[in-house]
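Student: Residues per chain are reported as follows:
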Amino acid sequence: MPDTTAPSQHSAAARAERRRLRSLDTRRSVVWGEKIAGGVITVGGLMVIFAVLGIMLFLFRVVMPLMDGGEMLGDVRYQLDTEQDVIWVNGDEFQTLGIAVAAEGRAITYHVPTGTEIARTELDFGGAEVTAVSGTLSRDQVAFGFDDGTVRFAELGFSTATTARRNLPEGLARLDDRDRMGDGRVFTEVGTGDFRTLSSVVELGEAEAISEHAIIAVDYRVGGTRERPTLAFATVDATNQVRVSRSRVQVNMMTNEQTITTTTSELPSLDLAPGVSVTGILLSGTGDRAIVSTDDGFVHRYDLRNMDAPQLAESRRVGDEGVAVTAMTFLSGEESLVVGSEDGSINVYFRLQTGTRETTDRRELVRARTHAQMPAAIVDLSEAQRQKEFVAVDAEGNVWVFHSTSDQVLFELARSGDVTTDSTAMIFPRSNGVMLVSQGGEIEAWQYVQRHPEVTLRVLFGRIWYEGYAQPTFVWQSTAGTDLAEPKYSLVPLIFGTMKAAFYAMLFAVPIALGAAIYTSEFVDRRVRATVKPMMEMMESLPTVVLGFIAALVLAPLVEEWIGAVLVGFFALPMGLMLGAFLWQMLPVQTALKLDGFPKFILMGASILVTAQIAIWLGPLFEAALFHGDFKQWTTGRIGTGTPFMFLILLPLSYLIVAWSFRKTVGHHYRALLGDRDRAAAGRLDALRWLVMLAAAMVLSYAFAATLTALGYDPRGGFIDSYQQRNALVVGFIMAFAVIPNIYTLAEDALNAVPGHLRAASLACGATPWQTALWVVVPTAASGIFSAVMMGMGRAVGETMIVVMAAGNTPIMEWNIFSGLRTLSANIAIELPEAVKDGTNYRVLFLAALTLFIMTFVINTAAELVRQRFRKRAFQL
Amino acid sequence: MSTSSEHDIPASGGAGLAGVAARESVAGGRRVRRFSADISAVGEPGLWALGGALALGIILIAGFLGVVAWNGVTTFWPKPIERVELRDGDVLAGVARRSGTYRVGQDVLLRLDDAQRAEIEANLGFADRTLYQTANYDLYGDDFRWVSDFEVANVTQPADFHYFERQTWGVFIGRVAGLTIDGTERAFDPALMQREQAAARQRFNEIRRLEQRDIGRINHQIERERLAQRRATLRQGEEAAAPAVAESQARIADLQAEFQVLQARVNEIRERDRRYRVQLEEVGGRTIDTELSQIVRYFAANQLSLFEKIRIYFSRWWEFVSAEPREANTQGGVLPAIFGTVAMTMLMVIFVAPFGVITALYLREYAKQGRLTSIVRISVNNLAGVPSIVYGVFGLGFFAYTMGGTIDQLFYPEALPNPTFGKGGILWASLTLALLTVPVVIVASEEALAAVPRSMREGSLACGASKWQTIRYVVLPKALPGIMTGMILAMARGAGEVAPLMLVGVVKLAPALPIDGFFPFIHLDRSFMHLGFHIFDVGFQSRNSEAGKPMVFVTTLLLLALIVAMNATAIIIRNRLKRRYATGQF
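Chains as they are written, first to last, in this note's numbering: chain A, 1 to 877; chain B, 1001 to 1586.
Source of the hints: derived by calculation from the structure; they are not laboratory data. One should not assume that every hint holds.
[What the hints assert, rightly or not] Some, not all, of what chain B presents toward chain A, calculated at C-beta under 7 Å:
#, residue
1, Gly1370
2, Tyr1401
3, Leu1503
4, Ala1512
[Stated by the list, open to error] Pairs of lysine to aspartate or glutamate, DMTMM-like flavour, derived with a Cα cap of 20 Å:
#, chain 1, residue 1, chain 2, residue 2
5, B, Lys1467, A, Asp838
6, B, Lys1508, B, Glu1327
7, B, Lys1423, A, Glu831
8, B, Lys1079, B, Asp1160
9, A, Lys837, B, Asp1408
10, A, Lys632, B, Glu1121
11, B, Lys1423, A, Asp838
12, A, Lys35, A, Asp25
13, B, Lys1478, B, Glu1365
14, A, Lys35, B, Asp1107
15, B, Lys1423, A, Glu834
16, B, Lys1467, A, Asp25
17, B, Lys1508, B, Glu1324
18, A, Lys872, B, Glu1447
19, B, Lys1508, A, Asp25
20, A, Lys632, B, Asp1107
21, B, Lys1079, B, Glu1268
22, B, Lys1368, A, Glu34
23, B, Lys1508, A, Glu834
Keep in mind the model is a prediction, meaning the values are calculated, not measured. We put the CB at the ideal spot given by N, CA and C, even for glycine.
Chain A on its own, in the form it takes in the complex (with noise of 0.2 Å):
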C-alpha cells in the first residue's frame, strides 16, 4: 500500500480522482441522519413495552411500602434518681419530655432521648403507700389508691408552646442535637426558625375516702368538656368491694372555684370463691361498663347503665381451668377488650349483641382474636391512642408491641441490657415508640417507625373481624365517622363489585353485540354495512361520562317507574321478534323476495318498537297479575312468593329443554312434514309448533318454579332483593352500551376475516347462509370472537364513570341485580382525590389501581394472544 499510494499523492490528477471518489461517498450527514433516525425509532418503539412496565413497576413501587414492616430507629437506657419503684409513667408526642412518678411521691421530668432530668416535683401522699395506679387513654388523668382507701388524683401532662428565635431565652443547655433545655422547658427547633417549647404540667388532687380497707385495683377516666368533665371511676378494695364513683367538676364562672361533687356506688358483689382475688379492673369511658379480672381465670362485667341499679351481667371464663388473668385495657375506642393471662396468652374480646338468654342484657363477650403467645405470663398490657395497638410486657421482660386488628406482632423489642422484672410500658401518643419503665426507676425507650401496620395481605383480601361485627366479614369502609373507629381495606368487596358490573354488562352486551356483529356479516349487504359500521365505531367513543349521566339521572328514574314494563321487555322484545320471524315465514315466495333486505330489517327494527311499546302498556297489569301490583314490594320479600319471578327466569330453560326433546323425538319427522308442504302451509304449522312449544315451556317453567318454591326456593334474599334506584341493572345495562362497540367491532373483524372461499364453499354444498354462518363461518371466527368478548370484558372491568354516576357505590356484597355496588375503578375515582399523599389509603387505592391493571393485563393479554393466532391461521386457510 506505501508505495502505491505515496507517489500518487503528489500527482494531481490523482487528487482530483480522490476527490470525485469521496463524492461518489454517501455524504457524512446522511449516514449519521441515518443511525440517528434508527436509534431514536427503535428505542421510540422498545418505549412502548416500557411504559406499560414502567406503569406497572411504578404502581408496585407506591404498593410495597405497604408491605413493609416497621424500622427500629434506636433505644436509650436510664436510670432515673428515685428512691422506690416508678408506678406511672408519660411521655409526650414528640418524644421529647417523660414523666415519671415513683412510689414515694417524686415525679421527674426527664429528657427522653437522654434521660437528663428537667425538673422535679415532690407529690405528698400524706403517708399513704399507693396499692393501686391507674389513668386515662391520653395517660396525663392519673388516679392513684392508697392502702388506707383513698383516691387521689394527679395531672402528669404537657404544655406546648411556640417560641420564635428571637424570644429565646439566654443560656440554655444545649441536650442533644435537636432539643436545648432551661428552666424546666425544653426548646427544639421545628425547621422554620420556631422552637416547640414543651414543658410539664404535674398537679396533685385532694384525696378521697372511698373505703375502708386498701385500695387494689383502680380504674379512671374522663369524660364531658374541657369547662365541665365528668370524671368517673371504679375500685376494688382488699375485701374484694367494687365501687363506681362519678365526680362532676363545676367551675364556678366568677371566681374560677372548683367544687367536686362525687356520688358512690357500691356494685353487687364478685361472689368468689375464697381465696380468689381481683387482679384489675377496668372502667368504659361512658361509665356503661365496668370490668373486673380475677386470678382464677374469670372476667366479670358489670352492666352500668343504670347507675341506680347496677347489675353483673356476666362471668367469663377466658382461659385455661385456674390460669389467671393478669392484666387488661381495652384498645382505643373501647370497643375491644384485651386479656392477658398467666401463660403468656392474649385474647381480643368484643362485646356483642348476641341475644343470648345467659347474661342479664343479651350481649355477652366473644373472643375475636387470639394473638402470639408470649414466653412467660403478662404483666402490663398498654394500648395507644390513636391505632388499634398494644404493647404487651412479660415476666421475663419481653416487650411486644402487637396491632390487634391487623393479628401481628410489629415489634419484639430487643432490652439493650439485662432484663429486670416487673416492667409497665406505655406507647408514644403517635405510635411510634415505647417507653418502658422497670421497678426501680430504670427507663428504657424504643424509637421506631412503622409504616401502615393495619394494612396486611389477610387484611387486604381476608375475613376481618371488625369491632362492631358479629362475625368476620370483608368490608371496605376507608374513612370512618369518628376518629376512634378504625379504616377497614378490604378489597374484595370492590372487587366483588367491578365482577359483578362487568358480569350484568355482559350479560346484555354479549348477545347483543355477536347478534349484531354477524348479523352486520354474513347477512347484510356492502351498503347498509358501510353506513352501520361506523356508526358502531362512533359510539365506541362516546363519552362515558355522558352515559353515566344519562344512566343515573334520566334511565334510573325512568326504570324505577317502570319496572315492571322492563321486566315484561325482556320476554316480549325476543317474543315479538321471534313472532314476526314466523309471520314472515308465512308470507308467500314472492313478496318476501321482495322485501328481503333492508325492508326485512326494517321489520325487524319496527317489530321491537311495537314489541317495547306494548310492553309499556302491559307493564303495570303484569305487575299487578304477576307481582300483586308493586314490584318493588315484591322484592322486598313481604309479600308474595318466589314462584312468579322463578317462572320468568326458567322460562328460557324451559323452552330450550321443550326444543330439545321435540327435536330428539319427533324432529324428524316433522321435518319430512314441513318439507311436503308449500311455503305459507309449512310457515303456519311451523308457528303453530312454536305456539305449542310456548305454551309447553311455559306450563314446564311454572312447574319447575312451582315446585322450588315448595322446596323452600326464594330467589329474594338472592340474586333479587329490595330495590335501589342506582342498582346493577341499570348499570349493566348502560355498561353494556358502552361495551356493545367493542365487542361488535372486533367480533365483525374476526368474522369478515374468515376467507371467503369457505363461505362459497359452504354454499356450493347447498348450505343456506344460515347454516353456512352457523355451521363454518361463526366457529372459524370463534377464537376472534372470543378475543372480541374478552377485551370487551376488560373494557367492562375498567369503566369508571358510569359506575361512579349510576352504581350508587356502596361496597356491599351482594349478587342482587337491584342493588348498588362500588367497583375498584370508582372506589379510585372517589377516593383517591381526597387521600393523603403515601397515607395508608393512598396506597391501598394504589394497589387497587395495581389490582385493576394486573386483571386487565391477564384478560387483555390473553385476549391479543388468542387473537394473534386466529389471524395467522385465518390467513392460513
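Mind docking chain B on chain A? Use the hints.
Tutor: Using the frame of chain A, we list chain B on its own:
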C-alpha cells in the same frame, strides 16, 4: 335437505327460493343468500334474533342520541309561565319542565276525596304529574315542585309574569312590583326597565372588568414580587438579599397604592349601582328587592312573539358558549370548560404525535416481525386496554407527585410548601391522556404506513435514497392523512375521558385559565375546567341535580357534538384514503 333433493320439481317454498337464489348467485358474487331446502334450514327465527340484535343496537344509539339532542336543543327555548291553582287553595307559578306517571302512595290516597281516588284506581293506582320549575330559591328553599294532575284546580298563563335570570340565586318567576331608579321610586314601565337594566349590566360588567383584569393584574404582580423576595432570600441568604427585598417592597407599595385607586373606583360604581333597584313579587305576594344589575336577562314569558323567542334562544346559546358559569355552575356559560378541554386536548396531541408515529414507524419499517414486535403489539393492546382510571392513578403518582415534586424542589422552592407543579395541572393531565391515547395513534399510523405501496418505497430506495430519507420524503408524506386521522381519533378519545382527569388536575371552577396575559402566558401548572367533568359536577355534585339538569344536557350536547364531529371527520378521511389506495397502486 335430503327430502328436497328427492323431488324433481320441488313443491316446497324453500326449494322455490333456492331456485331464485341460484340465479342470484351467478350475478351477486360471493354472498349467496336465500338458498334453502326447507323452512327450518333458512333459520328465520335465528336470523330475526341476529337482525333484532343489530336493530336493537341501532335503536338504542338513535334513542340515546335523540334524548340528548332533544333535551339539549330545547333547553334554551323560552317556555310559558303557568299559574297553577291547586284544589287545596295553594297557588304556584312556574315553568312546566316535564311530566310523568307515578304510583300514588297510600298516605296520599288517604287524603284525597272519593272522585280523585276513583280516578287513580281506574288507572291501576297510577297518576300523572308535572314538574314545575317554581324558581325563587331564595324565598322557597327549592327550585322545583311536582304537581299531580288530580291536585290541579285551574291553570292560567298571566301576561304580566316575567322570567328573570339573576346573577345569583338562580331564576326568579314573578311580576315586577316597582322600580327604583337613581334612588327614586318609579312605577313599572317596560321600556324604562329595559333601558335601565341594560345600563345596570354595563356597570356590572365594568366592575367585573376592573376586578378581574386590572385588580387581578396587580394581585398577580404583588404575588410575583413576594415570590421573588423569597427566592432571593433562599438563594443568597437573608443579609445579601436585603437590598433586593427592600426594592421589591417599594414596588409592592406602589402596586398597593394603585390597587387602592382601583378599589375606590369599583366601590364608587358599586355605590351608584345600589341606587338602581327593582322590586320583584312572586305569585304568593312576597317581594324581594334587588339591584337591577343582578338581572342578567328577563322576559315576559307569556307575551313573547316567535321572533323574540328565537332571539332569547340564541342569546342564551351565545351566553352558554361565551360566558363564565354562575350559580354553582348550574347557569351561565361554559367558556372556561370549552377552553380547558380544547387546550388540554391540543397539548395532548403535541405529546402523543411523535411517540405514536415513532412506534408505528418502528413496527412497520424498522423492526423485524417476530417475537419482539409481537411483544410490542401486546404492549400496545395492553396500553389500549388498561382502564383509564389507572392512567389517572399513574399520572397523579408519577407525573404530579414524583416529577412535579422534583420540579418544585429544583425550580420553585420559594413557593413551597404550596406546590406549583407538584399537584394536578394541565401539563400532567395532557401527558396522562397522551399515554392513554397513544395506542389509537399507533394503530392508525401503522395502518396508514401499511397503506403506502411497497413500490413507492422501492422506487425511492432504487434512486439511492437512504432508508430514513425514504421514510422522511416518501412514506411519511404519503401516510400523513392517515396519521392525522389517528390524531383526530385520539383527540376525540382524549376529549371525552373524565375519570383520569379527576385525579390529575380538573376542577369544578378554575380561578384562572391556563393561558392568559401574564408572563409566561401559558401556565402549564394550572388546574383547568373540562366539559366532561362539568357534566359530572353539575349533574352530581350541585345542590339540586334537577336545577342543573338543563345545563348538563346542553353541555352533553356540546361535548357530543365536538366528539362526533371529530370522529366523523376522521372516519371520512379514512374512508376516502381507503378508496384512494385501493386503486392507487403504482
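Student: Would the hint linking Lys872 (chain A) and Glu1447 (chain B) be met if the CA-CA limit is 20 Å?
Tutor: Since the Cα atoms of Lys872 (chain A) and Glu1447 (chain B) sit roughly 18 Å apart, the hinted pair holds (cutoff 20 Å).
Student: Using the nearest Cβ pair, does Gly1370 (chain B) come within less than 7 Å of chain A?
Tutor: Hint violated; Gly1370 (chain B) Cβ to chain A Cβ min 12 Å, cut 7 Å.
Student: For the pair supplied as a hint, Lys1079 (chain B) and Glu1268 (chain B), is the alpha-carbon distance within the 20 Å limit?
Tutor: At roughly 38 Å apart (the allowed maximum being 20 Å), Glu1268 (chain B) and Lys1079 (chain B) break the hint.
Student: Going straight from one Cα to the other, do Lys1079 (chain B) and Asp1160 (chain B) come out at no more than 20 Å?
Tutor: 14 Å, holds
Student: Would you check the hint for Lys1508 (chain B) and Glu1324 (chain B), treating anything up to 20 Å between C-alpha atoms as holding?
Tutor: This hinted pair holds, its Cα atoms lying about 12 Å apart.
Student: For the pair supplied as a hint, Lys1508 (chain B) and Asp25 (chain A), confirm whether the alpha-carbon distance does not exceed 20 Å.
Tutor: 62 Å, violated
Student: For the pair supplied as a hint, Lys1478 (chain B) and Glu1365 (chain B), confirm whether the alpha-carbon distance does not exceed 20 Å.
Tutor: 14 Å, holds
Student: Next pair to validate is Lys632 (chain A) with Glu1121 (chain B); report whether the Cα-Cα distance is within 20 Å.
Tutor: Roughly 19 Å between the alpha carbons, so the hint for Lys632 (chain A) and Glu1121 (chain B) holds.
Student: With a cut-off of 20 Å on the C-alpha distance, tell me whether Lys1467 (chain B) and Asp25 (chain A) pass.
Tutor: 16 Å, holds
Student: For Lys1467 (chain B) and Asp838 (chain A), compute the direct alpha-carbon distance and say whether it is at most 20 Å.
Tutor: Status violated; Cα separation ~49 Å.
Student: Keeping to a limit of 20 Å between CA atoms, is the pair of Lys837 (chain A) and Asp1408 (chain B) held or broken?
Tutor: 16 Å, holds
Student: Are Leu1503 (chain B) and chain A close enough, Cβ to Cβ, to be under 7 Å, as the hint says?
Tutor: OK, holds: Leu1503 (chain B) within 7 Å of chain A, min 6 Å.
In the structure shown, a violation is registered for the earlier hints numbered 1, 4, 5, 14, 19 and 21, in ascending order.
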